[in-house]
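J.: The primary structure of each chain is shown beneath.
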Amino acid sequence: MRVISKRTVRGAGSGGALGALALVMWASAGVTAQTPTARIVGAANGFLATLDPTQRERVLFAFDDQEQRVRWSNFPVKMTPRGGLSLGELSARQRSAAMALLSSALSPRGLEKVQQIMEGDEVLKTSEGNNPMFGKDLYSLSILGTPSETTPWMLQFGGHHLALNVTIAGEHGILTPTLTGAQPALYTAGGKTVRPLGQESDKAFALLTALDEGQKKQAILSFRVADLVLGPGQDGKTIQPEGLKASAMNDRQRALLLDLIQEWTGIVHEGAAAARMAEVRAGLGETWFAWSGPTTVAPGRNITAYYRVQGPTLVLEYAPQRLGGDLSMHVHTMYRDPTNDYGRKFWAK
Amino acid sequence: MKTRPAAAAAILLTIGAPAFAHRLDEYLQATILSIDGQRVHASMRLAPGVAVSSFVLAGIDRDADGVLSAVEVRAYAERVVAGLSLSFDGDPVPLRLVSSAAAQIEDLREGLGDIRLEVEASLPRRGGGHRLRFENHHQGPAAAYLVNCLVPTDPDIRITAQRRNDDQSVYELEYTEASGSISLVSDRWTRIGGWLGTAALLLFARSALPRRRRGLMAVGPRS
Chain A
48 MRVISKRTVR GAGSGGALGA LALVMWASAG VTAQTPTARI VGAANGFLAT
98 LDPTQRERVL FAFDDQEQRV RWSNFPVKMT PRGGLSLGEL SARQRSAAMA
148 LLSSALSPRG LEKVQQIMEG DEVLKTSEGN NPMFGKDLYS LSILGTPSET
198 TPWMLQFGGH HLALNVTIAG EHGILTPTLT GAQPALYTAG GKTVRPLGQE
248 SDKAFALLTA LDEGQKKQAI LSFRVADLVL GPGQDGKTIQ PEGLKASAMN
298 DRQRALLLDL IQEWTGIVHE GAAAARMAEV RAGLGETWFA WSGPTTVAPG
348 RNITAYYRVQ GPTLVLEYAP QRLGGDLSMH VHTMYRDPTN DYGRKFWAK
Chain B
28 MKTRPAAAAA ILLTIGAPAF AHRLDEYLQA TILSIDGQRV HASMRLAPGV
78 AVSSFVLAGI DRDADGVLSA VEVRAYAERV VAGLSLSFDG DPVPLRLVSS
128 AAAQIEDLRE GLGDIRLEVE ASLPRRGGGH RLRFENHHQG PAAAYLVNCL
178 VPTDPDIRIT AQRRNDDQSV YELEYTEASG SISLVSDRWT RIGGWLGTAA
228 LLLFARSALP RRRRGLMAVG PRS
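Chains as they are written, first to last, in our numbering: chain A, 48 to 396; chain B, 28 to 250.
Where hints are given, some of them may not hold.
Okay, the calculated beta carbon distance ranges per label pair [said to hold, decoys possible]:
| id | chain 1 | residue 1 | chain 2 | residue 2 | range |
| --- | --- | --- | --- | --- | --- |
| 1 | B | Pro182 | A | Ala325 | 25 to 35 Å |
| 2 | B | Ser126 | A | Ala325 | 53 to 63 Å |
| 3 | B | Asp181 | A | Asn297 | 33 to 43 Å |
Worth flagging that the hints you see were computed from the coordinates, not collected in a lab.
Computed from a predicted structure; not experimentally measured.
From the three backbone atoms N, C-alpha and C, an ideal C-beta is built for every residue, glycine too.
The task is simple: from the sequences and hints, build the whole structure.
T.: Next comes the structure, spelled out in structure tokens:
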């Protein structure tokens, strides 16, 4: 069921002048010190203020709209349509406000990662003869509930190889479940080599190589893992962990593991990321690292192995894909908290 | 049987979960097991890649009318289940199909959809250590298997080991059931006498070992 928030519609006004005024107010408010949540709410209202009533109706969903909540995928949007408004449907001003909203909810590195994933899809589009199935314009934004500093609401942004589900509940910012992916996982832009998920590859490999032989025997699974186990549609599931437990790692190895985990937890803004990392650290002793596949990597390329990090409140998966022919060039990753996907702790009855 | 719109709609409605990975030349068969002591449940997601989908679909759409009817999907699911095997402490346990559903044939053809099966088996309930062995040999040459087990929600059940062969077509799970109830008596009681045997034991305990009556009662079988 889709519901337009009357409060938001009234606050946004129906005319362009009111919208512009709201945008200016939002921009000037950003000058003063704000809590992260206030900043995100302001950016959300600023974005909504740029939309006409029809667009607002399309971008807003009821917070309890479960169908929309789980409408995310790794697939291109032509194959699995998302809800909300796509960037290609927005004017330059609206698009700028949408990106400002995204920027307010994410860390600078998180935003950069998202932009690199989208840019990669643009590269894919070009390499496939301007294939309309791909490209930056197809990424969509939707809002569940009413942007609020106190009442839970949710921001979704995604498309091919990207599904950000950011639940804002008071000062809490929950990023799970989130899917990131890349194809091509390595490309050149502005004369620079870009690997959107290169750190997820490099840091995991650094951890693997830091293990001694006995630890590797524990961490390296003897069987092939062909794909994500807890990808889209697998909300709230906790599988039996495997591999090497962090309690059997030394301090340096645990630091490498935390640094790896930060590649996902650090996508959201710094305040929420810090709270999340505190949670992860608290469960670190019960966190497992498992690896399946080749234990070597070509210089400057991504690994072609699957790995999983699993703790009491954490599941990370990195799964290279065969589609495209080169496992190092196509990857899907998943970030979950089976105990708190979509921030359920803060709103589920 | 030709397509029935209502049946087809019912099939599609049951596929509520979002689509998953886009595959190429493999037939992904992902199974997540869960155990609760009295039964094992298997949720299976079968996702044919675009390069093998026509082969898989030919096995489902038997009348080749371009539509997957509920009957066709069910028949295919039964064939999948026939390719599975489960054993409990070395004894074969029959698996039964609970439900089946398939995405639209167009999505499956393009490597975008999946087929979902819910399968289960009853387990003899008795404490102590156990070994489950799950095998999947459905369409092996093109298959990419994944098998995992959920962490049991029953705090009395603890998984102690998982083993797989290299392609995960064979999966072994070891677990202990810590209720201590029937583990204090021989497993044979449950095999040959079930409740009757247990009742006889309790009667025996009551008369012959009065001092231990309370302990036996306290660890009696759970409902």
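J.: Against this structure, judge whether each hint is valid.
T.: Going through the hints against the structure:
1. Taking the beta carbon of each, B/Pro182 and A/Ala325 are about 27 Å apart, inside 25 to 35 Å as hinted.
2. Between B/Ser126 and A/Ala325 the beta carbons are some 42 Å apart, a value that contradicts the proposed interval 53 to 63 Å.
3. Separation of B/Asp181 from A/Asn297 is about 35 Å and conforms to the stated range, judged on CB atoms against 33 to 43 Å.
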